[in-house]
Amino acid sequence: MTQALDEIKIGGLGARRKRVEDHRFIRGKGNYTDDITLPGMLHMEILRSPLAHARIKSIDASRAWQIPGVHLVLTGEMMATRNLAWMPTLSYDTQAVLATDKVRFQGQEVACVIADDPYIAKDACEAIDVDYEPLPVIVNPTQAQAEGAPVIRDDKENQADNVIYDWEVGDAAGTDRAFGQADVISRLQLHYPRSHPSPIECCGSIADFNRATEKLTVYMTTQAPHIIRAAVALVAELPEHMIRIISPDIGGGFGNKVPVYPGYVCSILASILLERPVKWIEDKSGNLISTHYARDVYLDGEMALRRDGKILGVRMRCAADHGAFFSDAQPSKFKIGLLHSAFAAYDIPVAHLTTRGTYSNKAPGGVAYRCSFRVTEAMFFQERMMQAAADDLGLDQAAFRRMNFVRDEDFPHRTPFGFLLDSGQYRKCLDVGLRAVGYDDFRQQQEEARKRGRLLGIGISTMTEPLGAGNSREYDILGIKMFDSADLKVHMTGKAIVRTGAKTQGQGHETTWAQIVSHELGIPAEDIVVEEGDTDTAPFGMGTYASRSTPVAGAAVAMVSRKIRAKARRLAAHLLEVSEEDVEWELGRFYVRSAPERGVTIQECAMAAYSNMPDGMEPGLENTAYYDPPNLTWPFACYIVTVEVDPATGVWDVLNTVAVDDCGVRINPMIVEGQIMGGLTEAYAMANMQFITFDAEGNCVGANYMDYLLPTSWETPGFELHSEVVTPCPHHPIGAKGIGECAAVGGPAAFVNAVMDALSGSGVRNIDMPLLPDRVWEAITYGRDISGAPPVRSDD
Amino acid sequence: MTIVYDDRDGETSDVPVRRIRFTINGAKKVAEVEPRLLLSHLIRRGVGLTGTHMGCDTTNCGACTVLVKRAGEAGEGQAVKSCTMLAVQADGREITTVEGLATASELHPLQEGFSDEHGLQCGFCTPGMMMAAKALLDRNPDPTEEDVRWALSGNLCRCTGYQNIVKSVLWAADKLRSQSAG
Numbered sequence: 006m007t008q009a010l011d012e013i014k015i016g017g018l019g020a021r022r023k024r025v026e027d028h029r030f031i032r033g034k035g036n037y038t039d040d041i042t043l044p045g046m047l048h049m050e051i052l053r054s055p056l057a058h059a060r061i062k063s064i065d066a067s068r069a070w071q072i073p074g075v076h077l078v079l080t081g082e083m084m085a086t087r088n089l090a091w092m093p094t095l096s097y098d099t100q101a102v103l104a105t106d107k108v109r110f111q112g113q114e115v116a117c118v119i120a121d122d123p124y125i126a127k128d129a130c131e132a133i134d135v136d137y138e139p140l141p142v143i144v145n146p147t148q149a150q151a152e153g154a155p156v157i158r159d160d161k162e163n164q165a166d167n168v169i170y171d172w173e174v175g176d177a178a179g180t181d182r183a184f185g186q187a188d189v190i191s192r193l194q195l196h197y198p199r200s201h202p203s204p205i206e207c208c209g210s211i212a213d214f215n216r217a218t219e220k221l222t223v224y225m226t227t228q229a230p231h232i233i234r235a236a237v238a239l240v241a242e243l244p245e246h247m248i249r250i251i252s253p254d255i256g257g258g259f260g261n262k263v264p265v266y267p268g269y270v271c272s273i274l275a276s277i278l279l280e281r282p283v284k285w286i287e288d289k290s291g292n293l294i295s296t297h298y299a300r301d302v303y304l305d306g307e308m309a310l311r312r313d314g315k316i317l318g319v320r321m322r323c324a325a326d327h328g329a330f331f332s333d334a335q336p337s338k339f340k341i342g343l344l345h346s347a348f349a350a351y352d353i354p355v356a357h358l359t360t361r362g363t364y365s366n367k368a369p370g371g372v373a374y375r376c377s378f379r380v381t382e383a384m385f386f387q388e389r390m391m392q393a394a395a396d397d398l399g400l401d402q403a404a405f406r407r408m409n410f411v412r413d414e415d416f417p418h419r420t421p422f423g424f425l426l427d428s429g430q431y432r433k434c435l436d437v438g439l440r441a442v443g444y445d446d447f448r449q450q451q452e453e454a455r456k457r458g459r460l461l462g463i464g465i466s467t468m469t470e471p472l473g474a475g476n477s478r479e480y481d482i483l484g485i486k487m488f489d490s491a492d493l494k495v496h497m498t499g500k501a502i503v504r505t506g507a508k509t510q511g512q513g514h515e516t517t518w519a520q521i522v523s524h525e526l527g528i529p530a531e532d533i534v535v536e537e538g539d540t541d542t543a544p545f546g547m548g549t550y551a552s553r554s555t556p557v558a559g560a561a562v563a564m565v566s567r568k569i570r571a572k573a574r575r576l577a578a579h580l581l582e583v584s585e586e587d588v589e590w591e592l593g594r595f596y597v598r599s600a601p602e603r604g605v606t607i608q609e610c611a612m613a614a615y616s617n618m619p620d621g622m623e624p625g626l627e628n629t630a631y632y633d634p635p636n637l638t639w640p641f642a643c644y645i646v647t648v649e650v651d652p653a654t655g656v657w658d659v660l661n662t663v664a665v666d667d668c669g670v671r672i673n674p675m676i677v678e679g680q681i682m683g684g685l686t687e688a689y690a691m692a693n694m695q696f697i698t699f700d701a702e703g704n705c706v707g708a709n710y711m712d713y714l715l716p717t718s719w720e721t722p723g724f725e726l727h728s729e730v731v732t733p734c735p736h737h738p739i740g741a742k743g744i745g746e747c748a749a750v751g752g753p754a755a756f757v758n759a760v761m762d763a764l765s766g767s768g769v770r771n772i773d774m775p776l777l778p779d780r781v782w783e784a785i786t787y788g789r790d791i792s793g794a795p796p797v798r799s800d801d
Numbered sequence: 150m151t152i153v154y155d156d157r158d159g160e161t162s163d164v165p166v167r168r169i170r171f172t173i174n175g176a177k178k179v180a181e182v183e184p185r186l187l188l189s190h191l192i193r194r195g196v197g198l199t200g201t202h203m204g205c206d207t208t209n210c211g212a213c214t215v216l217v218k219r220a221g222e223a224g225e226g227q228a229v230k231s232c233t234m235l236a237v238q239a240d241g242r243e244i245t246t247v248e249g250l251a252t253a254s255e256l257h258p259l260q261e262g263f264s265d266e267h268g269l270q271c272g273f274c275t276p277g278m279m280m281a282a283k284a285l286l287d288r289n290p291d292p293t294e295e296d297v298r299w300a301l302s303g304n305l306c307r308c309t310g311y312q313n314i315v316k317s318v319l320w321a322a323d324k325l326r327s328q329s330a331g
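Quick mapping for you: the protein sequence lines, in order, are chains S and G.
For any residue, its number in this note's numbering is found by taking its place in the first sequence, counting from 1, and adding 5.
For any residue, its number in this note's numbering is found by taking its place in the second sequence, counting from 1, and adding 149.
Next comes chain G alone, as it looks inside the complex:
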């Protein structure tokens, strides 16, 4: 991020910056970042995609979960809690956030499922939940309830009690399977 400082007698910041290149939701980006900048802050403040939420700063709550893919990796990559990764570590990677789930004309089945099964209340954990669920469905298109509960156990929700979140993910899995069968 670029910061304009007050000029106080020629004094300048000695914080170093690194240039990184990354792709986010299909768009290529270049950024100058402090080495200590968290990926979550790059996404929220740098790119301006505020759907990735910050809940705990300690990699516990999962509200900041995004997908990160190495060059050449298949699919959209792994679910990563973006507060536990530095922006510089995203250099050369492809990132998918909640804003990248839907296409211009169509919601992702996970988004439909969460709405249909009342899988959200305050909505704060929802983007992270959906991204963790997407990583699950990418590698396991036909999960059991137990599979879903285990895959989402790194994401905290205080509103729903999880039962409807699990139903939402199973709803999406069903729809994705019938889409690929059709």
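Okay, chain S solo, but in the shape it has when bound:
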């Protein structure tokens, strides 16, 4: 009898398999968009508006046309003649491609130049004269709704003000009743500042229209190539089969590379007009001031509490600043994403949320930055509110959370906003975290340190979040249902290629998808190649964002493997000359139930599929699966941070960061840990330094890496990760849940709560992020809250 395969050795489920994509990246042989050069390729640069709100009186590009090497200057007027001056957004609004009437934010695209060389194109942009008439500027929701405020979107019929939508969810009357019965009502107001995902690689595209074949090929930095193909087909009115989108290696996405940007559209039009490849590579400043931002919401909430700590109800009001165009990339039914996933981890009978979205003279967006559609704002508010409520009740932070958790035995659990939670062990995760950080000891140290004037603090953040949209009943983008897909071709020698509708940007799909196939079929992972990002070869899918790859595309990989295994079983029965019912499966091998020594490997079945199939069987061993998940996946996380705050300077240092993530079954633990550490770093960044703000004139402060602070290896703390708690997802084929963004979603509150805990007793209830030293110092010194975005110094 043959020896059973060792799944870890063949790189299957649970193996800490080294990444196959690393082979090219460590040699400098990655293939990012800017690395691609096509014969006859031209270069495009964009001229951006220096003003946040202004009427365009005239554009004179005549000097630009005179510069040798310039092939084309595109303006809004020229785009308008082709009906391309405006394009639809992913949230049923419109966005200017190149400005015609007005500019509505600083950095908005006004014109672009296509030239032989990028330096020439940049020179020519400088030679374009634009005459602007400045208009009053709006930079926040209060100004947007003030009486007499200028109407930013005067291009839209029936848009008399700056309000985009009003949206509500939950039970208003029931929530009112709960508040009527409360012993204590706790309230918290906060601002989640505007941030930018800021992958190190900026956006870019190379459009290559071939007049002879009528085919348009676009290499571009997109996390969702099939959505782009659909958008190009609909916006540019090109036939979909003549559009090929190729997303090569991507230098980080984090949600920033989901939307359709004007630069893509302009490069495509330029290539069609010039019949040559046109490359557009954005610079960092352009990326930071014009591409999709995240967050920028004001949250005001109340919690109805019983004296013993039981939460009776929650009420939330949200004001969202969407910038100049409502172009959030999010499921269409939910105007403010999944903000109503707030408080899902807690057993709360009733809740109500209202939201108003407004325009401002800021860059458009509202992208899901390492986030499942506004879940980051939801969980930050939730965990800040939990801390405030525990303080108001005089209860211990950990005990208050524990008593309100949804209990293990209560799944499935319907949240007051309608989500269905299916699994979790919340108390166990909290216990692991508390033990790891030494909670009781730390509380003692904290008390003793206080006596010596030292401020220690501990912050807890516990949350479950909805990852992996769809299902298709509730989740769609512009009507396209949020399922995903996988295509598996097993060659005759038992080697294989798998393609999905997702698109890796560092998450390691080339490594992990092979591990899923290996788990299902017993083919060694090294015998399986993974390919994504080419719409001519990959099956249709919605792309990678919102931690949906493993929950949806990963599930499709498992399902298509099972289809292959079903056919291989028939081939095995044929080869073994028994009936299919008499064939048993073990990893990598079928055998005869009554004679286990008689068997055939999956590789022998593959060969038979091409050389020795039974009469009447369709040859080959290839298949495709489309997977529509029955529900979202609900990972749980407990993050605990300890800090010391220097009262003299407001500087705070992280002493310890403990992360307990229950993301179900881990395909490749090494990659999962990498995702968690990356997320924790972004959490630390948002709590500490990373924000984009605007002055009163709408100038973006954060337009480069000198103003937009990202943590380096020097500031970033070390992390202690725990994987003891594993609650498999009950509906995912291999029991996995999403993980890519959990730490970025749940982490910020742990850092902020730790600093606020260090300040407990000082009368300070809230410091809005970022917790810059001067803000913390001001709060300590004057005993007052610090609210809103940091003010910008003005010359006035």
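Since the hints were made in silico from the structure, they are not lab data.
Please read these numbers as outputs of a predicted model, since none were measured by experiment.
Heads up, some of the hints might be wrong.
Footprint (simulated), chain S over chain G, 3 or more residues, beta carbon under 8 Å [said to hold, decoys possible]:
hint, stretch
1, 199-210
2, 306-318
Derived DSS-like pairs (lysine-lysine); straight-line CA-CA distance at most 27 Å [unchecked claim]:
hint, chain 1, residue 1, chain 2, residue 2
3, G, K324, S, K23
4, S, K34, G, K218
5, G, K316, S, K23
6, G, K218, G, K324
7, S, K433, S, K486
8, S, K34, G, K177
9, G, K218, G, K177
10, S, K34, G, K324
11, S, K568, S, K500
12, S, K34, G, K316
13, S, K23, S, K494
We put the CB at the ideal spot given by N, CA and C, even for glycine.
With chain S fixed as given, assemble chain G onto it according to the hints.
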């Protein structure tokens, strides 16, 4: 770089060019360059070595880090962000890029370390990280974690959270020391 322009009534570009000579990954090169051309663009577009990435254009992110050595200088030179140096300033210098790390048959221990310790995700910052780390290990073969964190603080990574990058560099330092001891 040489550019062929459309001939529009005899009009020509008045951008001056300078001839420079430099060595890159051991190969000697001559180039005619505009004085304003960035070294990073010379490496990427001129020489065609695309492993040196452009992240920010403002000398902050470090994705374009290469080693630059003056004539007669020991070792492989200093870590330089190549977007902050003009190509003409590289005249007479020796440049090492990520493509020069490995030999035909063997990876550099830094490359092995980054793969072994999962020190990269999207891979965009990785070449710059490895070159900055190489400059560190050239001058300090036995760095502490703090030394590594300080030496890499001019290089931004958005994916990893740095912890595994630091481990990767320490892994490489260990291997290099055991190689030189052996």
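Results of checking the hints against the structure:
no., hint, in the structure
1, 199-210, "holds (count 11)"
2, 306-318, "holds (count 10)"
3, G/K324 / S/K23, "18 Å, holds"
4, S/K34 / G/K218, "23 Å, holds"
5, G/K316 / S/K23, "15 Å, holds"
6, G/K218 / G/K324, "25 Å, holds"
7, S/K433 / S/K486, "36 Å, violated"
8, S/K34 / G/K177, "21 Å, holds"
9, G/K218 / G/K177, "14 Å, holds"
10, S/K34 / G/K324, "24 Å, holds"
11, S/K568 / S/K500, "16 Å, holds"
12, S/K34 / G/K316, "23 Å, holds"
13, S/K23 / S/K494, "23 Å, holds"
In this structure, only the earlier hint numbered 7 is contradicted, and the remaining ones agree with it.
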